[in-house]
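Enquirer: Based on these hints, arrange chain Y with the ligands on the given structure of chain D.
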Amino acid sequence: MELPNKEAYESLIRRKILFFILFISAAFLAFLLDIAVGSSGLSLYEVFSTIVFPASSDPTSSVIVWNFRLPKALMAVFIGASLAIAGAEVQTILDNPLASPYTLGISAAAGFGAAATMVLGLTLTSFAGNVLVSINAFIFSFVCFFVIYFIAKVKSASKELIILTGVALLFLFQALVSLLQYIATDDQLQNIVFWLFGSLENSSWSTVTICLLILLIFIPLLAIDFWKLTALRLGDEKAKSLGIDVEKLRLKVLICVSVLTASAVCFAGTIGFVGLVPPHIARMLVGEDQRYFVPLSALLGSLFLSLASIGGKICCHKGVFPIGIATSLIGVPFFLSLIIMKRSGSF
Amino acid sequence: MKLEANDLSFSYNSHPVLNDINFKIESRITALIGPNAAGKSTLLKCMAGVLEPDGSLIINEKDVKDLKKEELIRSRSYLPQDSKTNACLSVFETLLLGMVHSLSWKVGEEEIEAVSNVLEYMGIEDLAMKNINELSGGQKQMVFIAQSLIRNPQLLLMDEPTNGLDLQHQLELFEFIQKITKEKGMTTIIALHDLNLAARYADNIVVMSKGMIHSSGSPSSVLTQKTIQSVYGINADISVDTDGILWIKPLNSVRKVFRS
Ligand SMILES: Nc1ncnc2c1ncn2[C@@H]1O[C@H](COP(=O)(O)OP(=O)(O)OP(=O)(O)O)[C@@H](O)[C@H]1O
Ligand SMILES: [Mg+2]
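Line by line, the protein sequences are chains D and Y. Letter 11 of the first sequence, counting from 1, is numbered 11 in UniProt numbering, and no numbers are missing. Letter 161 of the second sequence, counting from 1, is numbered 161 in UniProt numbering, and no numbers are missing.
Chain Y on its own, in the form it takes in the complex:
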């Protein structure tokens, strides 16, 4: 699917956070990177329909405002940066809620099967009947990732999905996202702080800084020492391994933030 943003702007209580964002993305993994408070989460929320920005968001040549609500809900899903809840629900029920738009009074066979499938391929079947609040941080994150995948979205928006995940889960998550994005022709946008993951798995990188898009393009064209220095304020060593994947090694901070 094609996604296009034209002059997206957003302010929280007249405090501008996004200024005239423009981009075009098509059917692949885009990593959204940038320092804290750059506006990554805000941009994702605007694309997810959680916030209503000025400007227009175009999906497959159609403005989202003209799309049918039903269609829109079905086609995109969003994973928040921190999904905290004190709800007293089992993991199974939490996953069902990922399909809340189509649930009727009695839960259908299809929906039960969808939950069972997502539990299985994410390897969390044994958590199914546990209370969501009795899980570890990483387990909880896996459940919410599963919830965002259950609708088979065409547009997948994930805000720091690796939060709380161990190395194995991080790696497998990205392998999996890469696979489904390719197979299903999805557009996946992931806000990330791990530049090495971004360099390794993203087809496209968008760098945000102070509510604007600083630069965008392929990992090798965007992740340069110059960009990293001006956006993050650090010196980094960038090398290319034998598979052609970039490795970014942070060296030192150019201008200190901490005053210790």
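Bound conformation, chain D alone:
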């Protein structure tokens, strides 16, 4: 028997896969461009051959690509994906399109950890200093996470409560960061501000590995619950009646989101926008079937961060342009144009 609705559903799925392919190509292209663009320009062909045939390539470009550009470009891809996935899931479990990974206060806590390390006199330029900043940022983001998790756990994971706790902690840590800025010396202040803007300058192969590992662990952990998370969008009561343990699911996703956010923020500072807008765009394009929504959010996050990195390098040849600023400058016009072009509202 031929079912007309089956046809329609299959073409809907095909459309979603098409968007996926489109953006995976775009993200890959942006990634290569990100490697090519810089103070000593390389052609896309040079980039490609240096990566694919490292043995037979020009030693100078090989050093530039492998030691400097590639780790940064990969960091842009992985951090973009981490933040966008975290954003998509925070919006899902809190049933709030305005939520982002930063709503939970984790980034502010990480910022406080980082700023505290700097003000305590550890210079940003020394290697040990950098690592300490990241470690301290990680520790404080976990302090923040544990407070939210604990409160959520005793109060049956109510989403209103999670948001309120998150926002309260956000203000607390922001106040503490301001306090540190107030007492910091001029040099320290500059370091703090630079860190808060977000940057990929401290990328290395070890940070790349950590971020990749975290993605490889947490994406599958989320993926096994994609249908349940989609069903959660019908409301807690409906989800419960469909046999979903809503409380357990929310707490589990809270853990995943916190780790993804913390790993991104600790290595690259508070890059805004990527956790908020890519999920919106993904939602407009493919809806909220998480099997497509989450991967597309991740791709868009990577794409935006790569583009921002390219844009930053083009605008600012010598110094380092904070990527967090570039993401917003590039992303917001794009996002607004999408909103204006889209006729029927989907969010």
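Heads up, a few of these hints could be off.
What the hints assert, rightly or not - What the simulated footprint calls covered on chain Y by chain D, stretch by stretch (three residues with Cβ under 8 Å from a Cβ of chain D suffice, anywhere in the stretch; the number is not a length):
#	region
1	48-55
2	81-94
3	111-119
4	123-135
Hints in this document: simulated from the structure, not taken from any laboratory. Yeah, the Cβ is synthetic: ideal placement off N, Cα and C, and Gly gets one too.
Expert: Chain Y with the ligands in isolation, oriented as in the chain D frame:
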């Protein structure tokens, strides 16, 4: 299927809403009626597994706490009083979610067929690819009714399913529910405010008032002027038509609620 409640009680933040509810229901349509805030929705949620009441709920002689979770999920389904959502999902996807317990990464042929079937017999095929939020109130309600039917439940719990439906859809919905309940030996419990629908389609009526069961039994034994007056506070004219169906005509309020 047989459903039995023994001393069900429930409180919201230590504010008691259900007090020692006891009943036995078997394979037919039960209408749950009663004034606003009587506890109808709360009772349905307790039976649906959304809330966890004290006391015990027994399905086919077995306590639900001892039933396998998988089995329990498959056998009952629940339609909330208002299914609001701002999810960005197509109607087709919303219906798939009715079978969320059995979906794997790739949606199976069986599931696609189940969705197609339910869309067809409810006459909403043309809505399949629409966004759930771009539907009218009644269309949305039809989609959520379809979602609650898609699992072929043995225990069907519906909270005011006629909300937002026009007269034709109300009538056809009840004809349909009556048919499947009989054919599949289901137990269907429907919270309702329309006493005429309850009298016409229910085999059994349970009247709730202030968190307790006031009375229960066949429509003609329960829907008396006395009961209606004491539970709802109105005078009603009750007549029987040629098919033996009760007609309830509300006349006036005994004690006014509005102070206008
Ligand atoms: N989530 C909640 N938190 C606290 N109290 C609640 C909650 N839901 C319902 N109640 C209270 O429980 C009582 C019963 O509510 P319920 O929704 O079961 O009534 P109902 O019989 O379905 O009424 P209606 O006909 O208006 O739908 C009411 O007094 C209500 O205020
Ligand atoms: Mg109700």
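Enquirer: Look at each hint and say if it fits the structure.
Expert: Hints and how they fare:
no.: 1; hint: 48-55; verdict: holds (count 3)
no.: 2; hint: 81-94; verdict: holds (count 11)
no.: 3; hint: 111-119; verdict: holds (count 5)
no.: 4; hint: 123-135; verdict: holds (count 6)
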